[in-house]
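Asks: Working from the sequences, and respecting the hints, build out all of it.
Going from the sequence shown to the numbering used here is simple: count from 1 and add 76.
Hints should not be assumed to be uniformly reliable.
[Claimed, not checked] With a Cα cut of at most 30 Å, we get these calculated DSS-like pairs of lysine-lysine:
hint, residue 1, residue 2
1, K171, K248
2, K183, K101
3, K101, K80
4, K139, K259
5, K248, K80
6, K171, K259
7, K183, K171
8, K171, K80
9, K259, K246
10, K246, K171
11, K259, K248
12, K259, K183
13, K171, K101
14, K80, K246
15, K259, K101
16, K139, K248
17, K171, K139
18, K183, K248
19, K139, K246
Honestly, the hints are just simulated from the structure, not real lab data.
Keep in mind it's a predicted model, so treat the numbers as computed, not measured.
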Amino acid sequence: MAIKSDRWIRQQANEHRMISPFSEKQVREGVISYGLSSYGYDLRVSDEFKIFTNVNSAIIDPKAFDERSFVTVQADSVIVPPNSFALARSIEYFKIPRDVLTICVGKSTYARCGIIVNVTPFEPEWEGFVTLEISNTTPLPARVYANEGLCQILFFQSDEVCEVSYADRKGKYQHQQGIVLPKL
Numbered sequence: 077m078a079i080k081s082d083r084w085i086r087q088q089a090n091e092h093r094m095i096s097p098f099s100e101k102q103v104r105e106g107v108i109s110y111g112l113s114s115y116g117y118d119l120r121v122s123d124e125f126k127i128f129t130n131v132n133s134a135i136i137d138p139k140a141f142d143e144r145s146f147v148t149v150q151a152d153s154v155i156v157p158p159n160s161f162a163l164a165r166s167i168e169y170f171k172i173p174r175d176v177l178t179i180c181v182g183k184s185t186y187a188r189c190g191i192i193v194n195v196t197p198f199e200p201e202w203e204g205f206v207t208l209e210i211s212n213t214t215p216l217p218a219r220v221y222a223n224e225g226l227c228q229i230l231f232f233q234s235d236e237v238c239e240v241s242y243a244d245r246k247g248k249y250q251h252q253q254g255i256v257l258p259k260l
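Replies: What follows is the structure, given as structure tokens:
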């Protein structure tokens with residue numbers, strides 16, 4: 077299994093719509109960078125956010141998730157409270173090839189501010205907008221900017237095609253359109 081280069085990512089985006097919209101070069105002037113890099117793609121966060129709140133004294137339960145645990149915000153930037161968490165979605169829509177698995181890593185600009193991004197791997201033949209998990213690990217409020225880079229996606233191509241893909245399993249997060257909350 078090998079990490080894929082900018083050349084391969086560009087080809088897959090242009091010929092197979094693996095990433096849409098696709099920024100063919102890294103955009104950096106006046107923004108937290110996004111777009112194609114040497115061995116990955118820095119995706120952008122949209123202006124839709126769900127910020128955790130404890131107003132209703134809810135318990136976070138992945139088997140019985142209460143949507144009242146969030147405040148929904150649409151804005152150019154959002155403040156994630158201290159030691160708290162927000163969900164967002166990517167601007168880009170992804171279509172992962174059958175022989176590819178991705179891993180998401182945070183961008184150093186946010187990591188140096190105590191903001192950690194967690195996204196589970198995009199499995200073979202998964203497609204959709206990415207639901208992004210943003211943690212503020214600091215004791216201070218933290219700002220996240222919409223329409224700018226948030227994390228980097230690394231693409232790994234296997235030397236053989238999997239027997240069963242995410243699409244074959246009819247995965248519960250297939251074709252995500254917005255911020256998708258936990259499903260059982």
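Asks: Starting from K259, check that the Cα of K101 is at most 30 Å away, please.
Replies: Answer violated: K259 to K101 is near 35 Å, above 30 Å.
Asks: Given the proposed pairing of K101 with K80, does the C-alpha separation stay at or below 30 Å?
Replies: OK: K101 and K80 at ~16 Å, within 30 Å.
Asks: Between K183 and K101, does the CA-CA distance stay at or below 30 Å?
Replies: Holds, at roughly 16 Å.
Asks: Taking only the CA atoms, is the gap from K248 to K80 under or equal to 30 Å?
Replies: Holds, at about 27 Å.
Asks: Between the alpha carbons of K259 and K183, is the straight-line distance 30 Å or under?
Replies: Holds, at roughly 27 Å.
Asks: Is the hinted pair K171 and K248 satisfied, with a Cα-Cα distance of at most 30 Å?
Replies: holds, 15 Å
Asks: Decide if the proposed pair is consistent with the structure: K171 and K139, CA atoms, cutoff 30 Å inclusive.
Replies: With a Cα-Cα distance of about 28 Å, the restraint between K171 and K139 holds, given a limit of 30 Å.
Asks: Taking 30 Å as the top limit, are the C-alpha atoms of K139 and K259 close enough?
Replies: holds, 7 Å
Asks: Sort out whether K246 lies within 30 Å of K259, counting only the CA atoms.
Replies: Holds. K259 to K246 sits at ~13 Å (cutoff 30 Å).
Asks: Do the alpha carbons of K171 and K101 lie within 30 Å of each other, as the hint requires?
Replies: holds, 19 Å
Asks: Against the 30 Å threshold, does the CA-CA distance of K246 and K171 hold or violate the hint?
Replies: Measuring from Cα to Cα gives roughly 15 Å; hence the hint holds.
Asks: Between K139 and K248, does the CA-CA distance stay at or below 30 Å?
Replies: Given that 30 Å is the threshold and the Cα spacing comes to 14 Å, the pair holds.
When the structure is compared with the earlier hints, a violation turns up for hint 15 alone.
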